[in-house]
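*Asks:* Chain residues, written in single-letter form:
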Amino acid sequence: MQPDPKPGRPAHDIAMWGAPGSGKTTLLAALDIALMRRDDDWRIVGSDPASSEFLIERTNALSSGKVFPEASQGLEHYHWTLYGPGERHRRRWWRKAGRPEPFEVGIGMIDAPGGLFSAGPRRLDYGPDVLDDLRERMLNDLVKSRGIVFLFDPIREFERGDAFDHLHPPLKRLTERMRDLGRLTGGRLPHHVAVCVTKFDDPRVLETAEKMHLLAPEPDDPYGFPRVSDDDAQDLFRQLCDLSANGNADMVLNALGRYFHPDRVRFFVTSSIGFYVHPQTRAFDWHDYQNLLPEDDDLRIRGPIHPINVVEPMLWLGRRLAADKETPR
Amino acid sequence: MNGDGARRIGFEWALEGKEHGSYDEYGLLRWSAERLAHVFDKLRARYAAGTPSELPQVTIVPAGLEDKDTGEQSHNVVLAIHTWSDNRDFTGRKVAYTRWFFVPYHQLQDHPVSYQALYAAFDALPPTPEPPLTVAVPALDPRAVMPGPDALAAAALLASGQQVCLVGADGVPMAQRLRFVDTVMALLPYGLRTRFSAATWTSSTTKHRIKLSFARYAPEGVQAVQWGQGADIPQDEYSAKYHRILRNRDVDYPDLIGWLAGRTEPLSFNDGDRPRVFDLLHQSASPSPPTRPAPKPTPAPAVSRAPEVVEAAHQGPTVAVLARKLAGASRKDTGPALDALLAVVWTPSDREALADALFTYTCFHHVIDQQDDRDHLYERLVSAAFQPDEQSMWKGKCRALLRANSTPKTVRRLLKGLSRQQWWQFGTWARRHRLACTVGVLVFAVAFASAATLRLLLPGDDAPAQQALPLPPPQKVVLVRDAAAQPYVTEVVKEALRRAGYQPDAQVQGAPSVLIGYDPAAYDDMNAAGLTPVGDFPSSTRDVLLVRGGEGDIPKNILVRKTFSKDVEKRIRELYPESHLIRVPDSELTESLIKRDAEAAIVSDGVAAQGYTASDGLRDLLPERRIVVGADSALKSALEPAMDGLKKEGVTSSGNSQADAKAFVDRIYSPAPALASSAKPVSEPPRGSGDLILITSVVAAVAGLAGAVLLVWRPSRFKGSLIGRPRV
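As you go down the protein sequences, you meet chains A and B in turn. The first sequence begins at 1 in the working numbering and counts up one residue at a time. The second sequence begins at 1001 in the working numbering and counts up one residue at a time.
Worth double-checking, as some hints may not be accurate.
[Stated by the list, open to error] Here are some of the chain A residues that sit facing chain B, going by a computed Cβ distance under 10 Å:
| # | residue |
| --- | --- |
| 1 | Phe54 |
| 2 | Glu76 |
| 3 | Arg137 |
| 4 | Arg156 |
| 5 | Glu210 |
| 6 | His213 |
[Unchecked claim] No farther apart than 30 Å at their CA atoms in a straight line, the calculated lysine-lysine pairs in the DSSO-like style are these:
| # | chain 1 | residue 1 | chain 2 | residue 2 |
| --- | --- | --- | --- | --- |
| 7 | B | Lys1068 | B | Lys1094 |
| 8 | B | Lys1207 | A | Lys66 |
| 9 | B | Lys1207 | A | Lys172 |
Just so you know, these hints were derived from the structure itself, not from any lab. Glycine is no exception: its CB is placed at the ideal position from the N, C-alpha and C atoms.
All chains should be modelled from the sequences, with the hints used to inform the complete structure.
*Replies:* Here you go:
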């Protein structure tokens, strides 16, 4: 039997939420690569063998095999622990500045097939309030979770325009369930939400950001990748909503603001595979930056993976949830 | 029914997947009956096993339906075949197809079939079969099933209602996994298939409710069974009992399986049906009980490559007979003949017979060498004939085979590998020897641990003596430093320490454990050495004023040692304001007196210096000096009586400080008459209950050893129960 993952047993459940193909599993697969690419001391460790294996296999598949994960067909639960450098306590008149305590937070990541966030097959003859087994389990997981990584796929929204259809049904059900449990705070859901605008490496997203003058490379980024700061991410999100195929994307933004506490929602612009870097120049090139190219019927990852803003949502959630635990509401 | 024993059974189907370029999630694409579409939807949600990386895989699930009009419950067996399609979704990801096949259970009640047979029949169909929706499926052949320890364990655990996950089968092909599922279910009443679910692959990070699954790691709450090895069976009411029944060497598996295949009334794994299930299992294992109904005649196997060999195995031929058949088998029949031979290898004597046959027929190389998987076949033969824990039994046969020139290289290599196992490799010992050794060591360990614990916990008879004089660690060296030049006090301290069992030494380098000095300077030294004050008493000596040249007024400059009492200095200054006390190190003070540089000096009583005369000028101001003794806190109890005595009697020595000190300590430490009779020498070991416990423990240990030896010499006590059937 799989050993009980006692050490580092996840203290905070975080659910991935997004439409099919929005990149939920890919973002998780890129997490370890993203941590490895950082200069600081952050690392992620599986709290049980199966969760470790996901990190190892998916990381290898994405980095060496350049293979995206297959479409999820079941609810997957990963138990990981994030370790990182702690923050030094500020010196106060009554105490010295302490040595930094290493940061450690356990996370239970729930990865569900994107289709589960839709309203469900209409032919199900269960009755108006009854969900199918898998949706019921996913809803229970959302109730238990304290953090949500919501993935907004601007490409899918541009072509299909169904992000709201994959947000609204479970959001209503979750709110009802939390209300019944008496766990709404101020009439809103208590979750912390990291909203990730994915596929930043796609030219349509990058050029939109460029037109809005939201791009600025990180000062210490050796590759000079363009980035959208977290403060500007919401503006880009809003702009991308305007490009929605059915014009409903603005309701996504409104729904997030109304169902969750605005101070618990933060926006990130992310890319799991990042931009292409030429091996000789080793720098971002505006004329040749696409890392994902079509090849026959397939898509091919050209070069090494340089995830952008993949770790940051997790660290933000980890820190918020850890701080939230210390000061219970 | 067809001529080959197969019967056509009806089915319904549904196809799950994604259309090419689809933005949608997985869903049903097409189906044969609208009324069943929602059933398939429910099933795919209920039994989702995660995202597979390797296909094909098979999932088996039950489907219970209730007729809305009549309320009648119907049972159905659903088989899902997962394969890759040629489709890609909108992100370019591969799309898997799941073909669901729905079989009403009532069709199987008078025609039990295996899951492998169902899979073979359905897998041959196109993705969207056209009517008539029937397939020919052969009946279950009880003689084709050969359970290993893992299947026995899984069946026992399932029968008691537990979820079971096979681990360690990563490289095992799907077909073999499905065969395992069939083997396990063949050991249970057929009616349980109305509630049984299985999957040849599940994700280790997916929570599911599949009864029998394969995964790399067993999820929490699911009982793991190691592929090819088995599992620890909980000693509960059902699983342990059934496991024992199945492992019984007298069980005739084909007979048992054939009979269980006839128990087709629907049953569940729930508590309500468990007594009934176990009643059936118990009946199935009885050789020929009067209560057991006669087994239904099982139909002939649908496909049998060597029917005569299988038939022979069923009727109970010996290893020798089947070995002869294998030796004479054609190339085509070699596989079945070997299967039949290995199927009857069960007891140690069977293995001996097989080893003999290997020698007699030169490892059947003339038939096996013609096979493509010859190495695998040799491996099966050798592993069946030579069990590592029966080395003493087959050592001679192994040697004979290795000596024979005709022994194939593969067999030679395998046998050499087995022979290399050395006596110190515990795992290769016979089971009874391992058991005996383990029991012996355990008895020894428990006996001595008990003795040690009781000795620690129970107080001995010498407790009062310990109170009178605490027992120290034997012969521990204690450094005594005399900074006050008080030989009598030093001797008293040493003698007191000796009485307490220490070895006082003034020569050892290092920090002192006992320090003798004058107040107040000694306190600083004690603090520096981390010692605790244990004695403070008058020294019977005073400081004196030495004045160069003899009597006169109190000199102006007076040298004193650095540690001179500040209180005294203050009083002198008050009375003689013109005099000035100069603090100098002891060495400087001594040198000044020798050189006669100093005008005057205050020194210890008894110190004389040429050219200096003791003056009584400050006699009333110079107090009697006090000796302070500091010691390690551990030594405090050993020294306290002597220190109290010195405080009362004072420091009085006749000149022979050593003898005086011994007499003093004798006097101080002589026990009171009332206690003298009960006090015992410190060094005498405790007796009484401690000895009794020790003797009892030794007797227990010897008894344990004797028991262990008896176990070795009387292995028949455990015969049968410890010998498992090898996986062939």
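*Asks:* Each hint: holds or not?
*Replies:* Comparing the hints with the structure gives:
Interface restraint check for Phe54 (chain A): the shortest CB-CB distance to chain B comes to about 6 Å, inside 10 Å, so the restraint holds. This hint holds: Glu76 (chain A) has a C-beta 5 Å from the nearest C-beta of chain B, less than the 10 Å allowed. For the restraint placing Arg137 (chain A) at the interface with chain B, the shortest Cβ-Cβ distance is roughly 7 Å, inside the 10 Å limit, so the hint holds. Look at Arg156 (chain A): its Cβ gets to within about 7 Å of chain B, closer than 10 Å, so that hint holds up.
Proximity of Glu210 (chain A) to chain B is violated relative to the hint, the smallest CB-CB distance being about 24 Å (cut-off 10 Å). The restraint placing His213 (chain A) at the interface with chain B is violated, with a minimum CB-CB distance near 30 Å, outside the 10 Å limit. About 40 Å separates the Cα atoms of Lys1068 (chain B) and Lys1094 (chain B), which puts this hinted pair outside 30 Å; it is violated. A distance of roughly 28 Å separates the Cα atoms of Lys1207 (chain B) and Lys66 (chain A); the hinted pair therefore holds under the 30 Å criterion.
A hinted pair counts as satisfied when its Cα atoms are at most 30 Å apart, and Lys1207 (chain B) with Lys172 (chain A) qualifies at roughly 25 Å.
In summary, the numbered hints that this structure violates are 5, 6 and 7.
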